[in-house]
Amino acid sequence: MALKQVSPTDEFIKGLWRENPVFIQVLGMCPALAVSNTAINALAMGLATTFVLLMAGLSVSLLRNFIPREARIVSYICIIATFVTCVDYAIMAISIELHRALGAFIALIVVNCLILGRSEAFASKHNPGRAMLDALGMGVGFTVALFFIGVLREILGSGTLFGVDMFPDGFQTWTVMVLPSGGFFAMAMWLLVVNWIRQREANAEKEGDDRAGEVAS
Amino acid sequence: MARLYKHLEIGSSPHVTDGASTDIIMRNVFLALLPVTAFAVYAFGTGAALVIVVATASCVLTEHWLCRWTGKPSTVGDWSVAITGLLYGLILPPDLPLWMVFMGGVFGVAVAKFLFGGLGMNAFNPALVGRAFLQAAFPQPMTHWQLPFAEGRFEDIPSSVLATPFWEPTYDAVTTATPLALMKFEGQFAGSRELMGGLTSGSVGETCGVLILLGGIYLVARNMMNWRIPASIFLTVAAMTWVFQLYDPVTYPGPVFMLFSGGLMLGAVFMATDMVASPITNAGCWLYGLLIGVLVVVIRFWGGMPEGVMYAILLANAVSPHIDNLIQPRVFGTGRGAR
Amino acid sequence: MNAPAPIEQKRTSAWSMYRSIVGIGAFCALLIVTVFEATAERIADNKARFLSNAVAEVLPASRSTAEVTLDADGALVAAAEPADLPVFLGYGAEGELVGAVITAQGMGYADNIRILYAYSFERQAIVGFKVLESKETPGLGDKVEIEPHFLANFEALDARLNEDGTALANAIVTVKEGEKTEPWQLDGITGATITSDAIGAILHQGSSAWLPVLERDGRLFQPALSVEE
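Just so you know, the protein sequences line up as chains A, B and C, in that order. The first sequence begins at 1 in our numbering and counts up by one. The second sequence begins at 1001 in our numbering and counts up by one. The third sequence begins at 2001 in our numbering and counts up by one.
It is possible that part of the hints are untrue.
[Unchecked claim] Listed below are several chain C residues computed to face chain A (Cβ distance under 7 Å; list not exhaustive):
#, residue
1, I2021
2, I2024
3, V2035
4, N2112
Simulated from the structure, these hints should not be mistaken for lab results. Using N, Cα and C, we set each Cβ at its ideal position, and we do this for glycine too.
Only chain A is shown next, with the shape it has when bound in the complex (with noise of 0.2 Å):
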């Protein structure tokens, strides 16, 4: 990995699109699909994740030197533990409401695997800058693929986004995408949108490279 040079805005970037923790990696799914009913809910599991996997990255980073081989993933679990426990603290003080809205899932962000997959694959191989752009950018990956569910799933289960009515009178809300399983419904849907662009991407490559051989020959 030492041996490419990844510019820092690249680092940045990856996580948005090309490495979307979600609908590319599809990692951190729990998360992603239990606490995603609203949008409001969707973004404030997506801060709270951003926030852990920018401190455990900046920890991991620094420390990555005194951590020794075997003792690492028991260090990094514990890390963003205490970070996780820190963010709970802090929402229920800004709000009571929302720390109701996402419950237990705070606790498990703990667990969500995009956390540690990053402290583990990158972080502790990179100094703390780039691991630092590198949890940001996942983490606003996170945040935006958390949000794009939550809104389709708010506005076609509840008929409001953000809590404010988006229909007149009589909307016939699908109660479906309110519960777990609307989640994988969202979900699904984005993915086949993602993967759909992807294809298209790849193709018009594919296009180019050949046009670019028929040149050279």
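Based on the hints, put chains B and C in the right spot on chain A.
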């Protein structure tokens, strides 16, 4: 792949064919369903007729569009998707808004059939998946029941049926509770004559148990349906109910009530016997029916919802490949001791 | 690293492992304690405000409240510390008793439902109701929080005690939608039968436990009034 749809051979060896192709079987299923459909339209009027027509059309059109879109020859001609659509229409409430009927049909065929690879590949019964989707998405309209044999059912179309797409339906017709809801929430048991003769409320085509049974007997007589599946379901449900009724006759209804109420008759005869989603061996069919029967009784007696046939069959569909795995016919020429 | 790696990894000494785990543990503990200390006051404030908002919602006439509990002899005393299912007496602007607010919980369709409701001594009826926590099915079970005809039950739900004041005169019970005939019956919700039945059962259970004591001792109780707002 393109020619695969023409041949449907389901059954354990030996594979001796009698020339019955998919479309001949399906045409016979259609014949068997005709009396049920006619009775449904007679009992519930124009609303039910519209629901059945739109349900069938939505399934057929979805399959046709998807085939065209993916560049395959249209498989509509083998009648199987038309049967799916008809069955799907028969398990919906008679005053369901047509836009919901259409949506469920598209969902059932596209997600449960086409995404799995079309006829012969579907793990679940598409008609039931369409209904399950509607049940989860729109629970209120899906538990709204019209009174059978209402006055003026042939002249007026219920206002809810023609509701604007994506808007809530308004109801003007007299509504009622199904026999199963009455059993679950009120502790009342409907009489067996009302249940068998189709005088109760319920989904479009599930009310008249006798006609459904006649259709089933016709198919069995023409050797186009595995009679072991419905037989196993009936026996299991009847036996379990009988035991519970002996134990507490006030809380639990009798076997006749359980067999002829709700969607059990229609589900057991026409849904559970879906050739693709049910097990292949005869022993497997008995086991599969047993599983459905137990699930139906458990959901009806102790579940949150009054009716459980749909979920019971879908769950059993999911298990049926494992049943096939478990029960494999002995290879010809090898004895029990042979390895 | 699929090929047998020639890297002879140096064995990490036990000391460096202890050092890192204990060091990280100490750092993390310190961080948590700091954040906890920094937010504790606001969290306590938030929780108190959430509860007092809820109390004000179900018993709008109250200006101040006093949490009460039972002592070992079953007599009503001021609560020393907040209970899990707190019960309050509410007092008006002149310090007169306007009602009691009771927290109760029980099993619903999906999970425990926790509710808060107000009892009026004057009318001997339940006059306010709010769901604090529920995981009921959206669109069906959670209708008990919004359905107008269900909430109309709590304009005055009869909760009189029997003649010796030991139990409710009539059991609070949920009936089928549109079949309410008595003032102590709850008009249920079609499609949310189990949840509305559960609300009736929770109300009955909470009231049976608390109303006899509150009726006996509540009016005589001398509150150390904690005026809020």
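Comparing the hints with the structure gives:
no.	hint	in the structure
1	I2021	holds, 6 Å
2	I2024	holds, 5 Å
3	V2035	holds, 4 Å
4	N2112	violated, 13 Å
Checked against the numbered hints given earlier, this structure breaks only hint 4.
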